[in-house]
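K.L.:
If you want the building blocks of each chain, they are given just below.
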Amino acid sequence: MKFKHFNIALFLLMALPGLCQTMEGVVTYERVYHWSKIYSRLTFLSQEEKDRIKLTWGNDDESKTKMQLFFTPNQSKYTYASDQGTSESGSYSWRQEDYIIFRDYEKESKVEIMEMLGKTYVIEDSLRAPRWKVLNQIKDVNGHVCMLAVTEDTVKKQKISAWFAHDLPISAGPERYFGLPGIILELDVNEGDFVITATNIELKPVGEGIQLPKKIKGKKLTDASYEELISTHISDSMKSHRNPYWSIPY
Amino acid sequence: MSLLTQAQTPGRFTIKGTVIDSSGTLLPSATVMLLTPQDSALVNFGRTNEQGELEFKNVKRASYLLKISYVGYLPYEQQVQPGEEAVVDLGQIQLKMLNQDLFEVVIKAARAPLSIRGDTVEYNAGSFKVPPGSTVEDLLRRLPGMQIEQDGTIRSQGQEVKRVTVDGKRFFGDDPKMATKNLPAEAISKVQVFNGKSEQARITGVEDGKQEKTLNLELKDSHKKGGFGKATVGAGTDNRVEGKVNYNRFNDKQQFAIVGFGNNTNQSGLSWDDYQDFRGSQSFNWGDDGDFGFSSGGGVRFVSFDDDQESLTIQAGRSSRDRGFTKNWAGGANYNYDTKKTKFSSNYFYNQTDQTLDVLSNRENFLSSGTFQTSDNNTRSNLNMNHRGGIRFEHTLDSLNTIIVISNARFGRGSSRYNSLQEFYRGENNLSTRSNINNNNRFNSFSMGNTAIFRHKFQKKGRNFAVSVGYNINNSDGDATQRSVNEFFREEGDSTAVINQDNQTVSLRTQFKASALYIEPLGKKFFWETFANFSLRQDEVDRDVFDISQEAQIRNTFLSRYYTNDFVYNRFGSSMRYSYKGFNLSAGLARVYFDLKGQFSQDQTTPEIGRVDRQFTRWTPSASLNYSMKNNKYLFMNYNLNVDEPPIRDLQPIIDNSNPLYIREGNPDLQPQANHNVSAGLSMFNPGNFTQFFINVYYAYYLNQIVYNQTVSQDLITTTRPVNISGGTNLGSYINYGFPLVKTKSTLNINSSIGFNKNLIYVNEILNTTNTDRYNVGLRLDLTPSDKFTLYTNANWNFSNTRYSLNTTQNQKIVNSSYGAEMNVKLPAEMYFSSRFNLNTFVNDRFGFNQTQPILNLSVYKIILKDKKGEVRLSAYDLFNQNRGITQYATQNFVSTEQVNTLARYFMLSFTYNMRGVTGGVRRRGF
Numbered sequence: 001m002k003f004k005h006f007n008i009a010l011f012l013l014m015a016l017p018g019l020c021q022t023m024e025g026v027v028t029y030e031r032v033y034h035w036s037k038i039y040s041r042l043t044f045l046s047q048e049e050k051d052r053i054k055l056t057w058g059n060d061d062e063s064k065t066k067m068q069l070f071f072t073p074n075q076s077k078y079t080y081a082s083d084q085g086t087s088e089s090g091s092y093s094w095r096q097e098d099y100i101i102f103r104d105y106e107k108e109s110k111v112e113i114m115e116m117l118g119k120t121y122v123i124e125d126s127l128r129a130p131r132w133k134v135l136n137q138i139k140d141v142n143g144h145v146c147m148l149a150v151t152e153d154t155v156k157k158q159k160i161s162a163w164f165a166h167d168l169p170i171s172a173g174p175e176r177y178f179g180l181p182g183i184i185l186e187l188d189v190n191e192g193d194f195v196i197t198a199t200n201i202e203l204k205p206v207g208e209g210i211q212l213p214k215k216i217k218g219k220k221l222t223d224a225s226y227e228e229l230i231s232t233h234i235s236d237s238m239k240s241h242r243n244p245y246w247s248i249p250y
Numbered sequence: 001m002s003l004l005t006q007a008q009t010p011g012r013f014t015i016k017g018t019v020i021d022s023s024g025t026l027l028p029s030a031t032v033m034l035l036t037p038q039d040s041a042l043v044n045f046g047r048t049n050e051q052g053e054l055e056f057k058n059v060k061r062a063s064y065l066l067k068i069s070y071v072g073y074l075p076y077e078q079q080v081q082p083g084e085e086a087v088v089d090l091g092q093i094q095l096k097m098l099n100q101d102l103f104e105v106v107i108k109a110a111r112a113p114l115s116i117r118g119d120t121v122e123y124n125a126g127s128f129k130v131p132p133g134s135t136v137e138d139l140l141r142r143l144p145g146m147q148i149e150q151d152g153t154i155r156s157q158g159q160e161v162k163r164v165t166v167d168g169k170r171f172f173g174d175d176p177k178m179a180t181k182n183l184p185a186e187a188i189s190k191v192q193v194f195n196g197k198s199e200q201a202r203i204t205g206v207e208d209g210k211q212e213k214t215l216n217l218e219l220k221d222s223h224k225k226g227g228f229g230k231a232t233v234g235a236g237t238d239n240r241v242e243g244k245v246n247y248n249r250f251n252d253k254q255q256f257a258i259v260g261f262g263n264n265t266n267q268s269g270l271s272w273d274d275y276q277d278f279r280g281s282q283s284f285n286w287g288d289d290g291d292f293g294f295s296s297g298g299g300v301r302f303v304s305f306d307d308d309q310e311s312l313t314i315q316a317g318r319s320s321r322d323r324g325f326t327k328n329w330a331g332g333a334n335y336n337y338d339t340k341k342t343k344f345s346s347n348y349f350y351n352q353t354d355q356t357l358d359v360l361s362n363r364e365n366f367l368s369s370g371t372f373q374t375s376d377n378n379t380r381s382n383l384n385m386n387h388r389g390g391i392r393f394e395h396t397l398d399s400l401n402t403i404i405v406i407s408n409a410r411f412g413r414g415s416s417r418y419n420s421l422q423e424f425y426r427g428e429n430n431l432s433t434r435s436n437i438n439n440n441n442r443f444n445s446f447s448m449g450n451t452a453i454f455r456h457k458f459q460k461k462g463r464n465f466a467v468s469v470g471y472n473i474n475n476s477d478g479d480a481t482q483r484s485v486n487e488f489f490r491e492e493g494d495s496t497a498v499i500n501q502d503n504q505t506v507s508l509r510t511q512f513k514a515s516a517l518y519i520e521p522l523g524k525k526f527f528w529e530t531f532a533n534f535s536l537r538q539d540e541v542d543r544d545v546f547d548i549s550q551e552a553q554i555r556n557t558f559l560s561r562y563y564t565n566d567f568v569y570n571r572f573g574s575s576m577r578y579s580y581k582g583f584n585l586s587a588g589l590a591r592v593y594f595d596l597k598g599q600f601s602q603d604q605t606t607p608e609i610g611r612v613d614r615q616f617t618r619w620t621p622s623a624s625l626n627y628s629m630k631n632n633k634y635l636f637m638n639y640n641l642n643v644d645e646p647p648i649r650d651l652q653p654i655i656d657n658s659n660p661l662y663i664r665e666g667n668p669d670l671q672p673q674a675n676h677n678v679s680a681g682l683s684m685f686n687p688g689n690f691t692q693f694f695i696n697v698y699y700a701y702y703l704n705q706i707v708y709n710q711t712v713s714q715d716l717i718t719t720t721r722p723v724n725i726s727g728g729t730n731l732g733s734y735i736n737y738g739f740p741l742v743k744t745k746s747t748l749n750i751n752s753s754i755g756f757n758k759n760l761i762y763v764n765e766i767l768n769t770t771n772t773d774r775y776n777v778g779l780r781l782d783l784t785p786s787d788k789f790t791l792y793t794n795a796n797w798n799f800s801n802t803r804y805s806l807n808t809t810q811n812q813k814i815v816n817s818s819y820g821a822e823m824n825v826k827l828p829a830e831m832y833f834s835s836r837f838n839l840n841t842f843v844n845d846r847f848g849f850n851q852t853q854p855i856l857n858l859s860v861y862k863i864i865l866k867d868k869k870g871e872v873r874l875s876a877y878d879l880f881n882q883n884r885g886i887t888q889y890a891t892q893n894f895v896s897t898e899q900v901n902t903l904a905r906y907f908m909l910s911f912t913y914n915m916r917g918v919t920g921g922v923r924r925r926g927f
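First to last, the sequence lines map onto chains A and B.
Under the UniProt record's numbering, the first residue of the first sequence carries the number 1, and numbering increases by one thereafter.
Under the UniProt record's numbering, the first residue of the second sequence carries the number 1, and numbering increases by one thereafter.
These aren't lab readings, by the way, just hints derived from the structure by calculation.
Each hint should be verified, as a subset may be incorrect.
Listed below are several chain A residues computed to face chain B (Cβ distance under 10 Å; list not exhaustive) [unchecked claim]: (1) T86; (2) D98; (3) T120; (4) R242.
The calculated DSS-like cross-link candidates involving lysine-lysine, where the alpha carbons are at most 27 Å apart (straight line), are [stated by the list, open to error]: (5) B:K525 to B:K633; (6) B:K633 to B:K743; (7) B:K57 to A:K107; (8) B:K230 to A:K37; (9) B:K343 to A:K50; (10) B:K190 to A:K159; (11) B:K461 to B:K343; (12) A:K37 to A:K50; (13) A:K50 to A:K156; (14) B:K788 to B:K862; (15) B:K190 to B:K96; (16) B:K581 to A:K219; (17) B:K826 to A:K50; (18) A:K37 to A:K66; (19) A:K37 to B:K868; (20) B:K460 to B:K524; (21) B:K460 to A:K64; (22) B:K524 to B:K461; (23) A:K119 to B:K581; (24) A:K217 to A:K119; (25) A:K133 to B:K16; (26) A:K50 to B:K862; (27) A:K214 to A:K119; (28) A:K66 to A:K156; (29) B:K633 to A:K119; (30) B:K525 to B:K630; (31) B:K341 to A:K37.
Even glycine gets a Cβ: it sits at the ideal position worked out from N, Cα and C.
Construct the entire structure; sequences and hints are all you get.
P.N.:
Here it is in structure tokens:
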């Protein structure tokens, strides 16, 4: 993935001192994952097999998770809203893989704790925003008028669309995406494969909620070594006729 | 950052400006962005201050696209091209208000994205709800800024729309109404209105300054709907033919499919792929039986009659090559309507199988005093025809209530013929009994299953209520002719028994059942579940048997039978579940009540000759643990006690001697059989290096197991009688470990299983304990070095040691092993070669049985036609002509081997046409 150095946050902080300093809060997102669409991207499946998956599961392939983004003008933390995954009725639960995306916009650094490939990894690196293209489309997400920006994940070969709010002037966002003039309230990966939409936006002091856990265990990675690990895994999986995305975040 | 540095840096400059609206009001906090003009990439951004001023200091000297956005205004764009100056002041920048209608209706109400391209505003017409069957005109009426006049003239923001295009192309001439009146609204994804050049300017190329409103309709992506199909025909040596066709049409709401096939190559059913293509989104539905609560055995579930095991619904995955020879026909149609709120599905399926079996079987039976052998050489032919229909309707009434109604029915018809020569030997070549049997049977049956389920969720998360009712019916009538000559060879003189009987059986079984379930959450981690099940099953069977002689047909009062059974099953239970972060533990207890009543007489009008009236009550506990741990490790444990009522046939105080060599007696004192089951397992998968591991263990202990005690007379006539016996056990374990030898190129899989089985039975009043120990080791090596060559090999060794307490000299050691290899090669010119070899060996030294069966299948195919839509294939099945349908096994007090005359060597040439293209490949399926 091509990143360019993140050098725009400070300008924003200086331009809007009054608004920004008080602006902190929590965005709750609903993350929807359509696994039959993801199967249709696996290179080793024939059209017939993809159609069969779509026909059988296409109308019933959603998996939903609630996520939360804590933000202050200087920092953001994105992780699960609940400490466990549960069935709709709540009577069956499962463990969630470690997944915390923390960014410090002032120090231009990030810590991403990700459990994947059977291990917990800690990616520590400086902040590099994706190369966003801002388009002339606006829409409403949860009461906020948002504008569309797009980018591309060149490792996972994904088209990313982000809708950022005009009236929440903080460069935070869900998953590994940020660096726009407002908070990203909706993120769409590969035209609906994986959609993260804000369902609630609450402006309030976040307090401890934004802190990283005290103990972080895991194998250290940088952005470069993370990208290498992921791209090797994807190409090995495709060669072995396995879905790579069962074991890494999409 | 150089924000505070005021000194000018060469190569850098500052952009300034003030943002106002059309009335001159300053716009503070407007979002200001600097983009690259080439691809709109974001370079820098900020906000206007309280005076509406924007400033980008010290940006790299280059051209930019300045973009300003403010809620309620059209996004503004301007090119910035700096000269030599240090500061580019853009002065006052005026933003235009966004049309209020568009903002309120499109953005706020319909929540549709609005695209702005210069003066074109575009939005997703799919977000505006119109009733099904509406035209585009109806859709346009709902869109902001659009008016439709009486005569169909379209006005956009007051101006008449002169031109309508569809996907940018003209639609049937120039009348704009043609398209809007005729196209269905559902086909439209986007509506665009823009000012186009006038017709004159278009033709002459001379700009006349006039602008005409143009409406463009974009059709929905064609990938949303599709149709595909596949057809195969093949012909081969030995008159082997096969044909298959399937076709599907679907869009995001509806699915329609047909399937049909015919062959004489032993493929009697649908494969899982064919089934999924046929049933689409309704292929799999869970919980449709409406039987709530944990599993504890017993008679809630509806079982069809013993002589007619066909299921009510279409079955898949049975396309594995059958034994013997079969001719098959099948065909059907399926329609699904599938939305989030309502799901409707209906299907019809017909299938017919005509099977011929030629069987040679040998069996050695052990008695306390010695052994006897049975040889059976028989020919069977079975014809089975089934019409099946099914309907399923699921409707979500609102976010809390769901109703499901299911109805499946089957009409069956068929006949069977059984010709057999059975010989019973005492010791070596000492013929004791010989039977020549010719039986014929014809039947008709109708069965139907209906279920309705209602589920209610309460406002409180986790509180749930569900109730179900079901009514099932199974009606059958059959005619049979039984002819046999049984010769008994004895020292004191031979004798012969001839059976010459016709019989008619009419039976009707109905079942009413109901279940209820209530779940109450206790705090966040505990759930209390309570359930009740009820079933009433009624059977009525009328069987008339006639002895046929040359003069007359006399009713056999001894074998004729009329009986009615009432079977009530009740279960009430409760369980507690704990669930937190992947640790799911549940434990429960249920009380089961059985009430079996039966009345038996020789005919409807004759007095009762027997009666069953038994009630049983049992407690059945159940516990389970599922634990998902870090790094893809899962642990599970289960314990339950299953209780099954005695089959009512076994409770009848009646002797059934319809087979003179095998007489069945009932036992009215039978107790329900029960078994304690414990199992546990662990699975691990490392996706980093593709290593996987699985282990499980299981143990079962039988209480009051129903076994059929055998008494074998001097004439080798076996009389069986069911009794309860406790102490049978089954213990086993399975382990599997797989890992790549070379990542993506080769994988090795090792598996092993062991099993220890203890089986109890009385033979001639003496208790026999059969202990069978089974050991199995398997290896699988997959070589997938390239896209042109693959080799899959496997080996399996099964060793079983059976010991009989009754007669230790008969202890058996059976070794079955199998070796397999599959090789696939991609040749030039879209040609592929594939071969599959299997070698099975069957060894039993005590029985003097040692058979080896090598089977080789080969095929070569070439992909042809445009878009790779065709395939020509030449296949050879069982090239060595060795398929003999061998099975052997040892259990209770006998050991048997069987060989069935089965479809062996043939060659076939086939052609496939696939609308989606044929994908050739060397890899095995599975992902």
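K.L.:
All the hints need checking, so say for each whether the structure fits it.
P.N.:
Structure-based check of each hint:
For the restraint placing T86 of chain A at the interface with chain B, the shortest Cβ-Cβ distance is roughly 7 Å, inside the 10 Å limit, so the hint holds. Of the supplied interface hints, the one on D98 of chain A holds, with its beta-carbon coming within about 8 Å of a beta-carbon of chain B, less than 10 Å. The beta carbon of T120 of chain A is positioned within 10 Å of a beta carbon in chain B (closest approach about 8 Å), and the interface hint is therefore held. With its C-beta approaching chain B no nearer than about 7 Å, R242 of chain A sits inside the 10 Å limit, and its interface hint holds.
At most 27 Å may separate the alpha-carbon atoms for a hinted pair to count; K525 of chain B and K633 of chain B meet this at roughly 22 Å. Taking the CA atoms of K633 of chain B and K743 of chain B, the gap is about 22 Å. The hint holds against a cut of 27 Å. Our distance criterion of 27 Å between C-alpha atoms is met by K57 of chain B and K107 of chain A, whose separation comes to about 21 Å. Under the criterion of a C-alpha separation no larger than 27 Å, the hint pairing K230 of chain B with K37 of chain A is consistent with the structure, at around 23 Å.
A C-alpha spacing of about 22 Å is found between K343 of chain B and K50 of chain A, which places the hinted pair at or below 27 Å, so the restraint holds. With a CA separation close to 21 Å, the supplied pair K190 of chain B and K159 of chain A stays within the 27 Å bound. Pair hint K461 of chain B plus K343 of chain B holds up; C-alpha atoms about 25 Å apart against a cutoff of 27 Å. With a C-alpha separation of about 9 Å, the suggested pair K37 of chain A and K50 of chain A falls inside the 27 Å cut-off, and the hint holds.
For the suggested pair K50 of chain A and K156 of chain A, the alpha carbons sit about 19 Å apart, so the restraint of at most 27 Å is met. Using a Cα cut-off of 27 Å, the hinted pair K788 of chain B and K862 of chain B holds, with the two alpha carbons roughly 14 Å apart. Proximity of K190 of chain B to K96 of chain B is assessed by CA-CA distance (about 24 Å); at most 27 Å being required, the pair is judged to hold. The straight-line distance between the Cα atoms of K581 of chain B and K219 of chain A is roughly 23 Å, inside the 27 Å bound, and the hint therefore holds.
Taking the CA atoms of K826 of chain B and K50 of chain A, the gap is about 23 Å. The hint holds against a cut of 27 Å. About 20 Å separates the Cα atoms of K37 of chain A and K66 of chain A, which keeps this hinted pair within 27 Å; it holds. Restraint check: the Cα-Cα separation between K37 of chain A and K868 of chain B comes to about 25 Å, which is no more than 27 Å; the hinted pair holds. Only pairs whose Cα atoms come within 27 Å are accepted, and K460 of chain B paired with K524 of chain B is accepted, the gap being roughly 11 Å.
The straight-line distance between the Cα atoms of K460 of chain B and K64 of chain A is roughly 20 Å, inside the 27 Å bound, and the hint therefore holds. The hinted pair formed by K524 of chain B and K461 of chain B meets the criterion: a straight-line CA distance of about 9 Å does not exceed 27 Å. The straight-line distance between the Cα atoms of K119 of chain A and K581 of chain B is roughly 18 Å, inside the 27 Å bound, and the hint therefore holds. With a CA separation close to 10 Å, the supplied pair K217 of chain A and K119 of chain A stays within the 27 Å bound.
Restraint check: the Cα-Cα separation between K133 of chain A and K16 of chain B comes to about 22 Å, which is no more than 27 Å; the hinted pair holds. Note on K50 of chain A and K862 of chain B: the hinted pairing holds, with a Cα-Cα distance of about 23 Å set against a maximum of 27 Å. Between K214 of chain A and K119 of chain A the CA atoms are separated by roughly 19 Å; this keeps the pair inside 27 Å, and the hint holds. Proximity of K66 of chain A to K156 of chain A is assessed by CA-CA distance (about 23 Å); at most 27 Å being required, the pair is judged to hold.
Of the pairs offered as hints, the one joining K633 of chain B and K119 of chain A holds, with about 12 Å between alpha carbons and a cut-off of 27 Å not exceeded. For the given pair, K525 of chain B sits about 20 Å from K630 of chain B by alpha-carbon distance, which is consistent with the 27 Å threshold. Restraint check for K341 of chain B and K37 of chain A: the C-alpha separation of about 21 Å stays at or below 27 Å, so the hint holds.
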